[in-house]
Amino acid sequence: MGNLISMAAIFLIVSSCASAPLRGREVRLQAGFEESEERLRTPASAKPIPMHRQAKKDLSGVPGSDEDSAVFHFSMGQAFSLDNEPQKAVESYRATLVHDPKSALVRARLAAELVKLGNFAEAKILCLEAIEIDPQYVDTFLLLAGIQVAAKEFEGALSTYARTLKIEPGNRDALLYYGVTLAEVGKVKEGVLQLEKLVKLKDAADSGIDQAVAFYYLAKVYEQAGQTPNAEKALKNALDRRPGFGKAALSLADIYVARNDEAGANAILEEAFRENHATEIAERLAESYLQKNEFEKAVAYLETMAEEDPSNENTKLRLALVYWQLKWLDKSRLVLTNLAEKYPQSSEIAFYLGELEMERGNVAVALGHYQRIAPDYAKYEQMVNRVVFTYR
0 MGNLISMAAI FLIVSSCASA PLRGREVRLQ AGFEESEERL RTPASAKPIP MHRQAKKDLS
60 GVPGSDEDSA VFHFSMGQAF SLDNEPQKAV ESYRATLVHD PKSALVRARL AAELVKLGNF
120 AEAKILCLEA IEIDPQYVDT FLLLAGIQVA AKEFEGALST YARTLKIEPG NRDALLYYGV
180 TLAEVGKVKE GVLQLEKLVK LKDAADSGID QAVAFYYLAK VYEQAGQTPN AEKALKNALD
240 RRPGFGKAAL SLADIYVARN DEAGANAILE EAFRENHATE IAERLAESYL QKNEFEKAVA
300 YLETMAEEDP SNENTKLRLA LVYWQLKWLD KSRLVLTNLA EKYPQSSEIA FYLGELEMER
360 GNVAVALGHY QRIAPDYAKY EQMVNRVVFT YR
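Quick note: the sequence shown, position 247, residue 246 per numbering that gives the first Met the number 0, numbers continuous.
Hints in this document: simulated from the structure, not taken from any laboratory. Owing to the predicted nature of the structure, the values given are computational and were not obtained by experimental measurement. Be a bit skeptical, because a hint or two may be false.
[As the list claims (entries may be wrong)] Using 30 Å as the maximum straight-line C-alpha spacing, the simulated DSS-like pairs for lysine-lysine come out as follows:
{"hint": "1", "residue 1": "K235", "residue 2": "K186"}
{"hint": "2", "residue 1": "K291", "residue 2": "K326"}
{"hint": "3", "residue 1": "K186", "residue 2": "K151"}
{"hint": "4", "residue 1": "K199", "residue 2": "K232"}
{"hint": "5", "residue 1": "K87", "residue 2": "K115"}
{"hint": "6", "residue 1": "K341", "residue 2": "K330"}
{"hint": "7", "residue 1": "K199", "residue 2": "K188"}
{"hint": "8", "residue 1": "K188", "residue 2": "K165"}
{"hint": "9", "residue 1": "K232", "residue 2": "K196"}
{"hint": "10", "residue 1": "K115", "residue 2": "K165"}
{"hint": "11", "residue 1": "K291", "residue 2": "K378"}
{"hint": "12", "residue 1": "K151", "residue 2": "K196"}
{"hint": "13", "residue 1": "K201", "residue 2": "K232"}
{"hint": "14", "residue 1": "K199", "residue 2": "K235"}
{"hint": "15", "residue 1": "K326", "residue 2": "K378"}
{"hint": "16", "residue 1": "K151", "residue 2": "K115"}
{"hint": "17", "residue 1": "K235", "residue 2": "K201"}
{"hint": "18", "residue 1": "K165", "residue 2": "K199"}
{"hint": "19", "residue 1": "K232", "residue 2": "K188"}
{"hint": "20", "residue 1": "K101", "residue 2": "K165"}
{"hint": "21", "residue 1": "K165", "residue 2": "K186"}
{"hint": "22", "residue 1": "K196", "residue 2": "K165"}
{"hint": "23", "residue 1": "K341", "residue 2": "K326"}
{"hint": "24", "residue 1": "K186", "residue 2": "K196"}
{"hint": "25", "residue 1": "K151", "residue 2": "K188"}
{"hint": "26", "residue 1": "K188", "residue 2": "K235"}
{"hint": "27", "residue 1": "K296", "residue 2": "K341"}
{"hint": "28", "residue 1": "K201", "residue 2": "K186"}
{"hint": "29", "residue 1": "K186", "residue 2": "K232"}
{"hint": "30", "residue 1": "K115", "residue 2": "K101"}
{"hint": "31", "residue 1": "K330", "residue 2": "K291"}
{"hint": "32", "residue 1": "K330", "residue 2": "K296"}
Whenever a hint applies, use it, and build me the whole structure from the sequences.
See below:
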């Protein structure tokens, strides 16, 4: 059985202890699990809760409001973490520990920042210390398990996830990562069992791991095990619960393509696109229609790609050429002109503008564009022949 998950834990680590109440999660699946790495990010909750506002019943050793130095350094650590400055966050959390050396929470936050810097060894030590201080602090267990998975210490990670679920049996993160890690080491039935528990949980507002996500990962485990019918059923369940779920739609479309049902695959993607104009779905559909020279069908998807990523000039150029192919010359000229304004030295864009103006009958304007083409441009000779032919 191929690898199912390797980098998932790293992204759990980065987000798990970075902010309260520690609900942001990201999963990355390694290539071999699917053609490219897939990510599911759940938004982090609102602003972190300052230490002095956290509940006194919190067992993580948060300093009280009278411990001004600890509160100050901790708050600075939170701010640096949110600003993606892990080195500064590390320094602030280290300073916090000087004033509050028995805090499990601060150790977990410090460990999360150290992971961002690649210091897994110290992060692991801090997690173990935090667990010793507070054996009920679930997020520290998840962080430790993530480090263990990243280090390929799968048996240790499985043990840590199991301990987490003894403390909190319905923890969505633990069920998800426990399930996929079990599948990673070849224990597919056990992994499926954990994920089936997860799909039965009702959605919770404070977690991005809803039933759709749970069914998606259940499907990926089935697919990895070669159980395609079960994978297909799980993906359909994911889409039923979240219409337009891009990752699920793409995976289901792949199953249809594998059995030579491209029409069925496109129907799935088009339905998902109507619900959610996801760029990855638009890209897949655009490529499908362009390969079949169905240019008009590709337009809407290319336009979506251009709108979602205005910096992608290649997409804009392709869109201009598709407009041209459809004889929508005004639209093509507008896109090419905008590109020329941004890249006035581009021989490629100047060539296409010249060709377009020739087709429109604007020879003088076309010559102005041709004059901007560098002699070493691949189509320079083609341009010269075009001009010579025009004046014969």
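Now for the hints, and whether the structure bears them out:
Annotation: proposed proximity of K235 to K186 holds, straight-line Cα distance about 24 Å (limit 30 Å). Among the hinted pairs, K291 with K326 is consistent with the structure: their alpha-carbon atoms are about 18 Å apart, no more than 30 Å. Proximity of K186 to K151 is assessed by CA-CA distance (about 16 Å); at most 30 Å being required, the pair is judged to hold. Restraint check for K199 and K232: satisfied, since their Cα atoms lie roughly 15 Å apart, inside the 30 Å limit.
A C-alpha spacing of about 12 Å is found between K87 and K115, which places the hinted pair at or below 30 Å, so the restraint holds. For a cut-off of 30 Å, the pair hint linking K341 to K330 stands: about 17 Å separates their Cα positions. Of the supplied pair hints, the one linking K199 and K188 holds, its CA atoms being roughly 17 Å apart against a limit of 30 Å. Straight-line distance between C-alpha atoms of K188 and K165 comes to about 20 Å, which keeps the hinted pair within the 30 Å bound.
With a C-alpha separation of about 17 Å, the suggested pair K232 and K196 falls inside the 30 Å cut-off, and the hint holds. Under the criterion of a C-alpha separation no larger than 30 Å, the hint pairing K115 with K165 is consistent with the structure, at around 28 Å. A threshold of 30 Å between alpha carbons decides the hint, and for K291 with K378 the separation of about 26 Å falls inside it, so the pair holds. Restraint check for K151 and K196: the C-alpha separation of about 25 Å stays at or below 30 Å, so the hint holds.
With a C-alpha separation of about 19 Å, the suggested pairing of K201 with K232 holds against the 30 Å cut-off. Pair hint K199 plus K235 holds up; C-alpha atoms about 16 Å apart against a cutoff of 30 Å. Distance restraint check for K326 and K378: the Cα-Cα separation of roughly 22 Å lies within the 30 Å cut-off, and the hinted pair is therefore satisfied. Distance hint between K151 and K115 is fulfilled; the C-alpha atoms sit about 18 Å from each other, no more than 30 Å.
Our distance criterion of 30 Å between C-alpha atoms is met by K235 and K201, whose separation comes to about 18 Å. About 18 Å separates the Cα atoms of K165 and K199, which keeps this hinted pair within 30 Å; it holds. Restraint check for K232 and K188: satisfied, since their Cα atoms lie roughly 17 Å apart, inside the 30 Å limit. Proposed proximity of K101 and K165 is supported: the alpha carbons are some 24 Å apart, at most 30 Å.
Proposed proximity of K165 and K186 is supported: the alpha carbons are some 20 Å apart, at most 30 Å. Note on K196 and K165: the hinted pairing holds, with a Cα-Cα distance of about 14 Å set against a maximum of 30 Å. Between the alpha carbons of K341 and K326 the distance comes to roughly 24 Å, so the proposed pair stays at or under 30 Å and holds. Distance check on the hinted pair: K186 and K196 sit about 16 Å apart at the alpha-carbon level, within 30 Å; holds.
Between the alpha carbons of K151 and K188 the distance comes to roughly 21 Å, so the proposed pair stays at or under 30 Å and holds. Taken as a hint, the K188 and K235 pair is honoured in the structure, with Cα atoms around 21 Å apart against an allowance of 30 Å. With a CA separation close to 28 Å, the supplied pair K296 and K341 stays within the 30 Å bound. For the proposed pair K201 and K186, the alpha carbon gap of about 26 Å is at most 30 Å, so the pair holds.
A distance of roughly 21 Å separates the Cα atoms of K186 and K232; the hinted pair therefore holds under the 30 Å criterion. This hinted pair checks out: K115 and K101 have alpha carbons roughly 23 Å apart, not beyond 30 Å. Pair hint K330 plus K291 holds up; C-alpha atoms about 22 Å apart against a cutoff of 30 Å. For the hint linking K330 to K296, the alpha-carbon distance of about 16 Å falls within 30 Å, and the restraint holds.
In terms of the numbered hints stated before, the structure departs from none.
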